[in-house]
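*Asks:* Spelled out, the chains give:
Protein chains: 6
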Amino acid sequence: MSDYKAFRVELKDKIAHVVINRPEKLNAMNADFWTEIIDIFRWADETDEVRVVVLSGAGAHFSSGIDVAMLAQTATKFGADAARNADLMRRQILKLQASFTAVDECRKPVLAAIQGYCLGGGIDLITACDMRYATVDAKLSIREVDMGLAADVGTLQRLPRIIGDGLARELAYTGCDISGEEARSMGLVNRTYADYDALIAGVFEIARVIASKSPVAVRGSKRMLSYMRDHSIADGLDYVATWNAAMLQSADLRVAMTAFMSKQKPEFAD
Amino acid sequence: MSDYKAFRVELKDKIAHVVINRPEKLNAMNADFWTEIIDIFRWADETDEVRVVVLSGAGAHFSSGIDVAMLAQTATKFGADAARNADLMRRQILKLQASFTAVDECRKPVLAAIQGYCLGGGIDLITACDMRYATVDAKLSIREVDMGLAADVGTLQRLPRIIGDGLARELAYTGCDISGEEARSMGLVNRTYADYDALIAGVFEIARVIASKSPVAVRGSKRMLSYMRDHSIADGLDYVATWNAAMLQSADLRVAMTAFMSKQKPEFAD
Amino acid sequence: MSDYKAFRVELKDKIAHVVINRPEKLNAMNADFWTEIIDIFRWADETDEVRVVVLSGAGAHFSSGIDVAMLAQTATKFGADAARNADLMRRQILKLQASFTAVDECRKPVLAAIQGYCLGGGIDLITACDMRYATVDAKLSIREVDMGLAADVGTLQRLPRIIGDGLARELAYTGCDISGEEARSMGLVNRTYADYDALIAGVFEIARVIASKSPVAVRGSKRMLSYMRDHSIADGLDYVATWNAAMLQSADLRVAMTAFMSKQKPEFAD
Amino acid sequence: MSDYKAFRVELKDKIAHVVINRPEKLNAMNADFWTEIIDIFRWADETDEVRVVVLSGAGAHFSSGIDVAMLAQTATKFGADAARNADLMRRQILKLQASFTAVDECRKPVLAAIQGYCLGGGIDLITACDMRYATVDAKLSIREVDMGLAADVGTLQRLPRIIGDGLARELAYTGCDISGEEARSMGLVNRTYADYDALIAGVFEIARVIASKSPVAVRGSKRMLSYMRDHSIADGLDYVATWNAAMLQSADLRVAMTAFMSKQKPEFAD
Amino acid sequence: MSDYKAFRVELKDKIAHVVINRPEKLNAMNADFWTEIIDIFRWADETDEVRVVVLSGAGAHFSSGIDVAMLAQTATKFGADAARNADLMRRQILKLQASFTAVDECRKPVLAAIQGYCLGGGIDLITACDMRYATVDAKLSIREVDMGLAADVGTLQRLPRIIGDGLARELAYTGCDISGEEARSMGLVNRTYADYDALIAGVFEIARVIASKSPVAVRGSKRMLSYMRDHSIADGLDYVATWNAAMLQSADLRVAMTAFMSKQKPEFAD
Amino acid sequence: MSDYKAFRVELKDKIAHVVINRPEKLNAMNADFWTEIIDIFRWADETDEVRVVVLSGAGAHFSSGIDVAMLAQTATKFGADAARNADLMRRQILKLQASFTAVDECRKPVLAAIQGYCLGGGIDLITACDMRYATVDAKLSIREVDMGLAADVGTLQRLPRIIGDGLARELAYTGCDISGEEARSMGLVNRTYADYDALIAGVFEIARVIASKSPVAVRGSKRMLSYMRDHSIADGLDYVATWNAAMLQSADLRVAMTAFMSKQKPEFAD
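So the sequences go chain by chain: R, Y, V, W, C and U. Throughout, the numbering used here is defined as the position within the first sequence, counted from one, plus 140. Throughout, the numbering used here is defined as the position within the second sequence, counted from one, plus 140. Throughout, the numbering used here is defined as the position within the third sequence, counted from one, plus 140. Throughout, the numbering used here is defined as the position within the fourth sequence, counted from one, plus 140. Throughout, the numbering used here is defined as the position within the fifth sequence, counted from one, plus 140. Throughout, the numbering used here is defined as the position within the sixth sequence, counted from one, plus 140.
Hints in this document: simulated from the structure, not taken from any laboratory. There could be a bad hint or two in this list.
All copies of an identical chain are treated as equivalent in the list; a pair is satisfied when it fits inside any one copy or across any two copies.
Here are the simulated DSBU-like cross-link-like pairs (lysine-lysine), alpha carbons at most 30 Å apart as the crow flies [said to hold, decoys possible]:
#, residue 1, residue 2
1, 405, 279
2, 145, 235
3, 403, 217
4, 165, 145
5, 405, 217
6, 217, 235
7, 217, 152
8, 279, 145
9, 145, 217
10, 165, 403
Kindly produce the complete structure, drawing on both the sequences and the hints.
*Replies:* What follows is the structure, encoded as structure tokens:
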């Protein structure tokens, strides 16, 4: 893999492991983080061998969120005209959002493995993933409200579709901490694990299952589920019919059928 | 009722009981199934006496999903031109979708009672119903991923609105089995029952309650809830005001008022 | 506060406490209720000192819903022409909806504290609030179906986004009672409390936390979350970037930053 | 062709000519009309040999709109309950709409050739076609306003997308007549012709051009343009990419390329 | 009529004539204008006798747009915090928009008669009307660009639906003047007249035609056309079916039928 | 400017002139074209000095559309599996679309000056521009239908919003040529000019007018008009209020006011 400053990336057995790698800074999201994450997920998207991605944090925590120094720096670019400052700020926010949109739009499933702190930007990041798993004692919090701002890189957009409108509001307005176990009972994370080792073992087990499936089927399913966050059921049915019109001429369908008939495990091409 | 090959249909006490009736084939969905289901739900929709529908499977299972022979047959119709094949396939998928849209658009509530296997197309079918009930040990699974394709007759469209985005993705990508009890904890089924007899008894009890209500009120509520899956809150408020503009001149309102004042049980016309 | 007939309103420590105040009528929603609630929430919206609103019911119950006398009265205005009656009815419903839209659109978070009965219009009202809290033995029910009509002042529109599609349908079609505790397990209320005193104490504690946060951040978060009920993720990201373009030039951001650096509690202007 | 009462249908040189054939009744739309039109356009949709459809009226007029006897008959089915009448009426309107939706959704382009009167339902019908052509002295009018009702089978839905919002409103509120020439200057018809013979000759000339093109390309274009009436540009770009993913493996592309290179006229399979 | 400062209002023969009445100020839109217009159009909406509204300007001009003094005054309310200023400004703009939304949402058609200048806010106003008519030498211009701001009370929202995307952009970016005649060729105004007297005579003639039609039919048509600016064709068809479910039980339908049969002019109740 | 192979780019007097520069190939769009256009419009977007862009073609023609060699090359990448080919093709189309989306999303207005041929991809390109101007004898044609495919880089998405649904369909299905003058009468181009020199002079004159306006106002107007192609009027009004909340604190507003009061020409900062 290429040499990253804020990440460590491994590819083994068709699973890409993307690790936020600034443990001494609680994996705070600095300038390197925001640019490298785009390259990494573009690579994961385009590399046929990558079937699924696991995203975790090095050290004791997943991430403490955006590096405060970055926020402070933006203010230094402000000039005298409020409108031109606003334009500058708007484009800056859109740029940060693009980093997590790269995660969201990666055609392969992304599984977040969360231990320790997952704060502020950390929540924005995990809501851009497909699924979330945590240690029982992880600490999650929409911390932006404490910085005097409304979260603007994805949490407020994606969270209500995962946990419903009522709980999302309490988390956003109060900035309160919840444990991994509370997150599970809300549906924010799918499962919890006793500790970090169990978490990583469990998430890789799920990743291995996904990696063994037809990549055509998995990517098609991801595209549909992402599409359905924003479209009507009628639109979704039409879209999947159009999509599968091409995809059902796939070799994977024949491989699956043959395996099913012969009661053997299918092997799909990348 | 008319003579169906893949179903058995009964109407008693204003409740239509629609039973998938190919127990020797685990209620797999064959060609008869896909055409008859449209006729049955059109009949349920148009027959005033039907106030509510219960949908279940004969024998030990709800349904093992689409008959694999049907899938295999489609491929035999393919010609030499990939574009014309795609067009053929697209229309074929749209046609299958129409079978479950008939369930979704039936103006009467449809309650699914699920025991044993509910796999692949079975999940597509139950997500097109209003509510779902299961035995604790039912086995549910989005099996399409194992056939090398993205589910295309409704699961990926309707499921996230029922159980949220995070859990839906895990089920779709892994094709893992969940029990009735797990399905309940996710919100996929509303209640579980110890065994099949308790399930049927429980579901019919709920059906009887619904059948005793004003049909004008129940159908209006169904229309609104279906509408809200795809429309904004402002659109929904406008639509319900327009709908009720006519419906509030209903005799049922007077019947209900009178019953309420006299503390008696109201009797509504079909 | 101004003199209301159906409400009692207090403002203390930046928290407005709005109490439905017709305990002898189980806080049924009469004509005064529907007009005064608009004035009260407009006041709460425009008064900078109000940071958060708690909504509760005086006496043993939250509310038994719309005053039946009001419904009966509408019918007396009907003339001979069904179309003109429908037009009259449609405008009447739109007017009632506007009363709860005033709650929904109040820029400050609204917390409902629910004890005893919360029936019919009571459910319409609490779904227009940001968050809901209840005593374990509260009794909640979508009662409209028993009056022969589809709920038309907000329940059917807002409820599915809070508890999902499957459970919402059962509540709407059956009109069955659920307890506070059942409501919590569905996600309809966020937390339950043993009794009324604990409920009020608990809800005010949450309100105090919210009142201590940056009002710019809290209002921005509310706007975003309300916006996301109806818009795509891409639209939401663009909107929050545009919103924050101005809002990030806020003094609150500097206050929060300074407090964060000095590890002190920030004090935000109204 | 099958034997129709309200139509005459011919297929020649890959062009289906569908003629409303009740000239003695000014081609008023009776019960036969509304059911047969569905069969005819389903046939046109499914018959590969049909590449394009021309729709015209026998005799001196295109159509005087819905048969007034049909409207009158509906009222005779009304019972005592306004709500149940409304439900009946709503379903009746949806059924009429489905007849013109069959025209709209036919995968082959439909060209309307308009002479003489085109009134009321006639306008609903031609706005469901792809393109419209008329004699200079044709008389077009949204006549529904004169029957005391808002047009409900498509005119108000489709017209503004063709001629813009301002002119559509004048036509709808006043029910005034416009000539073919005025219709052309508004963009309602694409071209005008001096008389009926010139009209038919001109429209068939355009139909022949379309029939000579790749059917894969023409149908794809129609699907896209219909889709764009209701979707965002971003959605449209995604949809066309998904559609063409399959369709660009078409033999037609190779046929066209070869013809282009050799400067010959391509011949496409149906 | 009540006593207005910025307007003169007359009601005669079921036509309300609303005249902007500050000719000495070129009918610039001052504070009185923005509040009175809401009252006037609410009155027009609720008064059954009003069947149609004509909107014109007293003196030589329609309107020179927003009173510059008003804009200047807003700036004086600004405080030190850019975020709180932005919040103030946003609410101020929403309030101005509400004034023209009252015109847009009036259930009766509104016809604008335009002579002389129609600049800036004048364009925002006329695009909120149903139809526009002008003298050949009227001068229309989107003047906001010259004040250093994007038009924010409706022009940029409503204009493209009237004249298409390409011409709207040229007018908005350049702020150039166009004559009434040029406006007509773009579809911005429906017809032009030689001078003011001909304009008023012509517009009242059209208004009289509309006033003679069934008010149930005209209002229904307006609701549908407004609805279609923002909804899909499928949504529009469903909505009109639901609307007409009630409205087709109208006395107007019988009146129209009877008149049609007896070839007499129908007389509709308000 | 940087060194481009397929373009020539000049910046003078705040106007960027982007010239497609392969006159010997009729400005056919080759691989260089598709990548360089992204860089150029990103540069135009980010360079404050660029206020407006003029896009034209070197030599006798605007552009003959996509280079056929490029299309042919794609086919060579196809493998044995139709599904994987479809995936490859879909991503390829999305990539081409991104090139013209860069034009569409450039924050500065883009004016297309069209002479000679503007075919196929040329139409896709000019519909992504803000405004279009042409010589009277230019030749425009949606040529994709002749290549056996539905246009997939923007024409079918953007054209109907410019010229309406009826004319767009005729152009798309027939692939017929229209002259500049016919394009003007349809609203596809805003104005025509006698010859190339007059065209360039005329377009630059319009560009100069736009360049003299407040850039804050022009960019805001462009954002709003682009937004309105896809959003409801209510959404648009909310968005512009949020946008202007920040932008009305602009220095440009003061500059414009002062100039207006002193009747002088304003000078705005970039």
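*Asks:* So, for every hint listed, does it hold in this structure?
*Replies:* We went through each hint and held it up to the structure:
For the homomeric pair residue 405 and residue 279, the shortest alpha-carbon distance between copies (21 Å) is at most 30 Å, but the shortest distance inside one copy (40 Å) is not. Taking identical chains as interchangeable, the C-alpha atoms of residue 145 and residue 235 lie at most 30 Å apart whether they share a chain (19 Å) or sit on different chains (29 Å). Taking CA atoms no more than 30 Å apart as the test, residue 403 paired with residue 217 passes between copies only; the shortest distance there is 26 Å, against 64 Å inside one copy. When the C-alpha separation of residue 165 and residue 145 is checked against a cutoff of 30 Å, the pair qualifies only within one copy, where the shortest distance is 13 Å, while the shortest distance between copies is 46 Å.
Within a single copy, residue 405 and residue 217 get their C-alpha atoms only as close as 58 Å, which misses the 30 Å cut-off; across copies the closest is 27 Å, which meets it. Taking identical chains as interchangeable, the C-alpha atoms of residue 217 and residue 235 lie at most 30 Å apart only when both belong to the same chain, with a minimum of 16 Å there against 33 Å between chains. Only between protomers do residue 217 and residue 152 lie at most 30 Å apart by alpha-carbon distance; the minimum there is 27 Å, versus 43 Å within a single protomer. For the identical chains of this complex, residue 279 and residue 145 are intra-copy neighbours only, at 25 Å inside a copy versus 46 Å across copies, given an alpha-carbon limit of 30 Å.
In this homomeric assembly, residue 145 and residue 217 come within 30 Å of each other (Cα to Cα) only inside a single copy, at 25 Å, whereas the closest approach across copies is 35 Å. Proximity of residue 165 and residue 403 under a CA criterion of 30 Å is satisfied inter-copy only: 18 Å between copies versus 50 Å inside one chain copy.
The structure agrees with every numbered hint stated previously.
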